[in-house]
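So the chains spell out like this:
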Amino acid sequence: MPNSQMTPGIAPARLEDGAYEDNFSDLHPGYAPHEALVAADRCYFCHDAPCTTACPTDIDIPMFIRQIQAGMPDEAAKTILSQNILGGMCARVCPTETLCEEVCVRETAEGKPVEIGRLQRFATDSLMSHADQPFTRAESTGKKIAVIGAGPAGLSCAHRLASHGHDVDMFDGRAKAGGLNEFGIAAYKSTNDFAAREVEWLMSIGGISLTYGKRLGENLDLATLQSDYDAVFLSIGLAGVNALRADGEDKDGVRDAVDFISDLRQADDLAKLPVGRNVVVIGGGMTAVDAAVQSKLLGAENVTISYRRTRDKMGASGFEQDLAAVHGVRILENTQPKRVLGNGKCEGIELEYTTDDGSGLKGTGEIVTLPADQIFKAIGQTLGETPEGVKLEGRKIAVTDSGATSLSGVWAGGDCASGGDDLTVTAVAEGRDAAEDINKSLMG
Amino acid sequence: MADLRSNFVGIKSTNPFWLASAPPTDKEYNVRRAFEAGWGGVVWKTLGSEGPPVVNVNGPRYGAIFGADRRLLGLNNIELITDRPLQQNLREIKAVKNDYPDRAVVVSLMVPCEEEAWKAILPVVEETGADGIELNFGCPHGMAERGMGAAVGQVPEYIEMVTRWCKQNTRMPVIVKLTPNITNIIHPAEAAMRGGADAVSLINTINSITSVNLDAMCPEPMIDGKGTHGGYCGPAVKPIAMNMVAEIARHAETANLPISAIGGVTTWRDAAEFMALGAGNVQVCTAVMTYGFRIIEEMTAGLSAWMDEKGYYSTDEFSGKAVPNVTDWQYLNLNHVTKARIDQDACISCGRCYAACEDTSHQAITMSEDRVFDVDDSECVACNLCVNVCPVEGCITMETLEPGMMDERTNTPVSPDYGNWTQHPNNPSATAAE
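Residue numbers (this note's numbering), protein chains in the order written: chain A, 1 to 444; chain B, 445 to 878.
If we strip away everything but chain B, and leave its shape as in the complex, we get (with noise of 0.2 Å):
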């Protein structure tokens, strides 16, 4: 029997399911409630320097984009951070510790850039008695234009010295949160690594406009009609956190930095493949604003079945078991051919593998008289595309030629070795295959 139980750098939790520094996490109320529900922990949100607290708008704060049954595939927000007094935040975070030991409370942190406005704040919240603290240097509205949040985030000096601060200034495992708007996540990983980091988390939210209003003429949400990029996730932005968690997880210099992986996890499978990537917990958030805290039971017991059929006992035992997989293009196999194979008895005749070849890709699939839909070998590149058209699921398939048979669209055998860019002849820098 899978044991779901949770150490993510020293700090333990009942599941490696954390609530996300965010609206879930803003009061004593919400975080009760979600413990109950049976949440392992939780990023309490962000918290501010001592002083008048932030205000937000009074108008909209999300946008979002949705399927045809208004299914919600992605969010944005401008919300800022907690808009409650500091004092208040730090009564009902040390209640809610004291109540469920067992369960992860970590502070997301966010004030000037400062080592006096950090020095400050450390104390304070380490007397609650929290786990831990993330550093939120990603948030990518409103704060950045106050020099905080993704201001930060994007300079990797700045990460590296906050976190310095941070790691001199307190006991506390010290999670810096990074912002996804950069080119290179690499960096500010590396970034935070330099400084002492305990972990990343990431990715926060995405610059984005989910609409505009095509009468006001305005990006939405619409305050009083004008609009501002707000920050974007849900699952839509699944794909775009898993590239940049894989990336420091394989990248050597941060290869062992632990990662707390956020981005659109919805259900247990998602978690599973974040963790897979090298995440050691996952932080979900918009899954909850979307249907509530009660999917936590879901997502723990799809983890906890799945592990068993694989026999895996701990989250640790395949945390990172994907990593070795993920490769620079260049290392791609090139003598892995594979075709189309179109399953007749599965195949609904509807033709979208037809248009989308003829339209758009290699004329390698054909139509007859009668619509029977098949796959011209001697044109086929193997793109996949037809698969990913297919409404379908396992209609076509790509079949692996062995080496030695024939394929017919390059005319030459199937290679039985391996043979990638870095050793083809067309590849002008290439190094011999010996």
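One chain only, chain A, in its complex shape (with noise of 0.2 Å):
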């Protein structure tokens, strides 16, 4: 522990040693098998119960609660999976508070849901700790497709395809798979590398190829891909970042909230990972948080969300702001980036105070000034370069309901495809439906 919290500027191995690992570990720690019993008891199996209504991916909820008050959390995890081929990862990072357990009749009567994330987390670990993912391939179909991006969406797709018995061909920009789910969950969220491991598990199904460093528009060509296969998928994410359009954010010291997150992700030792004493984070959504709430966990002293407008407008839930307070971060409303100070490297942020009388957002003219060693701009992210042809809906790529793009043969479903919020849980089913539907145009 070279520096502390008060070492000015940004630096590493703020603090000891033990920390970082209590710090990063398990948000929602798994249940005890008998803690999931009683927590499922909890479940009134509902009809047509509004917690499955509200699941993006319609996993019978009350059924898979049911099996594990039988005892069976392994045939509860088949339940789940086979709506969700991700339901290990969805139960860790989901915003419950604002799907399923938002709905929960027992939100509604005692403000206290059943605990549905962890719930599934108790089965699809059961199941994932002890056996393959649960699937065959139907017999081959001979057919090829190519899945652009190993993100939640491309993994959704390509495991439903190599289900049918269809050959799949996966590509990624990176050298890993998994998208967000390897590179922009916080870690809290996705211990144990566990994203890397529920890749390798959903790969077991067999029939799925995965080649590393292919980029659209770089090495790889749409045109090209839809001759050589019988469809494509795209899920590509988005991977172009917002730009403040405040003075002076090319400084040093002003980053992109996913790269540090990534790299946050990605590092072999916490320790190593260099952080400034005073943080200003913009931005209002999950990704704000987790680098705000992050940033402290690695020995940030100040951290600040600016966040444009008022808090209930933020895409953080509740539960997440709650999470930053907790942490310490503090959420500064209603204030957006005005000019980055400092001389050449970031010193400080002049935030200039916001309203909105309801004829649109304007600054105040009132300017608040935070010390800032470090900014991360989390004001959302956007399409990378437009694969050609391809309709775009508002900054998205047009989809229909099943997924397929305004070119024949490709299909698009993720982030980077128009419709739903991007969740994992919505990149999940829009890959699966994506899918079906290529399979049943394949197959007549």
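Please keep in mind that the hints were generated in silico from the structure rather than gathered at the bench.
Take the hints with a grain of salt, since some may be wrong.
[What the hints assert, rightly or not] Chain A side only, calculated, beta carbon under 7 Å to chain B, not exhaustive:
#1 35
#2 37
#3 44
#4 46
#5 47
#6 48
#7 63
#8 103
#9 108
#10 109
[Unchecked claim] Quick list of the computed label-pair ranges, beta carbon to beta carbon:
#11 810/B to 228/A: 52 to 58 Å
#12 165/A to 655/B: 40 to 46 Å
#13 63/A to 513/B: 17 to 23 Å
#14 8/A to 790/B: 57 to 63 Å
#15 191/A to 651/B: 51 to 57 Å
Beta carbons: idealized from backbone N, C-alpha and C, even for Gly.
Once you've looked at the hints, go ahead and assemble the two chains, each given alone in its own frame, into the complex.
Quick look at the structure:
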């Protein structure tokens, strides 16, 4: 511990050695078997259950909870995985407080929902701890499909296609699969290399090849893919990051939050990861909270999230906002970046207060200046290079409900495609549904 | 202020809560601690004849069923009567009774079905100063295979005979403990009465297998790969016990036979319910075996508070008070019409009432697109299933239709008159209601 929380500038090793392991341990540790039974007993097995309706992947939640109650966690896992092959990751990262658990009738009744996410984790962890993924491949169809991007949408699509007997070639630009599961989720939500283990487990169905270092527009060409394959699925995510549009944002110390999170997830030794003494995160979504909380856990002394609207408009759920608060992150609402201060490297930031009288957000002219050695931009991501010939809707690839793009033989899903929230679980649903549509279109 | 002191067939105790004959009352150490905790009386664990004591299995004696958080709901046992020497038990009974004169000490007995055996044991028990005896005609396992316990309790003639021997050979009050492993509880109760019993106590445990070990393919508790049926008790058996108590209390011939109620008494309320159905006191076992003796504090405080609230001074004032309202089905008022009502403010929209009614009953609950559940009076037969499956207490209730109101199911106005099956036109042997 050569440095401390007070060390000026951006520095590694601000904490004692053991602190990192504690700080980045599992946010929601798995249930012990008896705990799971007690938690499962709280489920009322609702008719036409609201939780299932709220789940983007339509998991039969009352049924899997009943299977846990009946002492069959592996069967519960199969119920989950048949709808959502990344049920293990979703159990960890889903904002359940705004999905299944928000509409749980016990949330309505008592403000204390059945802990569906943790129960799902109990079931999927149980199965994954001792068994391969439980699905088998149909007889080979001889069809070949290219999946571009090995994130949640791509993995889900590839697995479903493989189960139908198709051969899948999956390509990813990075050196590791998993997409945001591997590079973009806060470390305390996916411990013990879970994302990588889940990919390996998913791939064990067979029939899926994975090639790294391949990017559309760099060394992959859509037209070629279309001619080489029976179908193409684009799950390329959002490669671009929005600019701050504040003076001085090119100064050293100003970075994209997603890059910081990615570095953190891939770090072998968190003590070696530098972080500012005073950190300011610009944005209001999950990425902003993930970057802010992890900065704090790395030893930053002061961490502030600056969000331009009021807290209730934040993309991050109430649970995430509370998580930030519990870790000592200050949320400064109604402020927007005006100017990054510093000579070459950033030393502070001027934030302007905002107001919205109904005619749109405006700066009030009142400025607050915060010291900032490090500024993370978490104000949304954009589609990188648009694949040639594909129609857009807004700033994303336009798709039908079943994921078909404007190009024949090309489907898309996940964050790059229109519709749905940018969540892991939505991406899984879109990949799965596109796979079903591809299968239908290929097999007639 | 309620007075919980109890006088059951002349046996006085500080409250109506006795510990039933079972492991908690097998020895002086336990019974002294029970009395210190506040128990009103004990029925000492069953003594057998002089001679080598019985032996118990050396593997597990109990099996159980649980709620989700391992709340013990039902317990079964294959333990036999006391396996300690008779003289030791007698010495201890005498010592305890001497030190706790205000508590009831009743001694449970089970000896072979021969008059000599009973004649031999009664005086030595009497000599301890015990307040009474309870004849164990109920134990369903082990001892029954040797012609004792339930083997006697299942034959009314034997009950009558042994009870008479006891009444003729002791001055102590005789309580006959009945087995529920019969088809009609009235027969053994009447037999006990004919034999001169001062009271009956019921129920003893119910023949049961609590679970099967699916790996060993053997019932639990498993003794070296084999299992046997045991006696079931605990909260799960309370409804069965209450019915048997009520049957005796409302049967003309046995109506005045005092009853000591046993079967799943776990809180003060269970005791109040048994007593409302005609019991003079209650005996508790599984609840103390689960939670220890201290629960007596909740029981006495709860019963006392409830009596104060209701204005009862002594337990005699409410004992049997519900008996007149226990009747045969044929006398229930068929002109009494109720309909389910769902309190929309309390409803949490789980839809369990809908699933239950739609799948298994009368399709009388409707569900809207936005999950509002309502009762269709034209289909509702007022079965109460929705009330019972609803997880929110008080959310669904049964509303009584006043005379003259239209019953939409039958399209007839509700009759102001009482009308039962014996008077119903569909009953071939109906007597016309005049």
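Hints, one by one, checked against the model:
1. 35: violated (10 Å)
2. 37: With Cβ-Cβ at 5 Å, under 7 Å, it holds.
3. 44: Interface hint status for residue 44/A: holds (5 Å vs cutoff 7 Å).
4. 46: For residue 46/A, the interface hint holds, since the closest Cβ of chain B sits about 4 Å away, which is under 7 Å.
5. 47: Result: holds, 3 Å to nearest chain B Cβ.
6. 48: Since the shortest Cβ distance to chain B is 6 Å, the answer is holds.
7. 63: With a closest approach of 13 Å, the residue 63/A hint is violated.
8. 103: violated (9 Å)
9. 108: Holds, because the Cβ-Cβ distance from residue 108/A to chain B comes to roughly 5 Å (cut-off 7 Å).
10. 109: holds (4 Å)
11. 810/B to 228/A: 52 to 58 Å: At 56 Å between Cβs, range holds.
12. 165/A to 655/B: 40 to 46 Å: holds (44 Å)
13. 63/A to 513/B: 17 to 23 Å: Holds: the Cβ-Cβ distance is about 22 Å, inside 17 to 23 Å.
14. 8/A to 790/B: 57 to 63 Å: Taking Cβ atoms as reference, residue 8/A and residue 790/B lie about 59 Å apart, which means the hint holds.
15. 191/A to 651/B: 51 to 57 Å: holds (52 Å)
In terms of the numbered hints stated before, the structure departs from hints 1, 7, 8, listed from lowest to highest.
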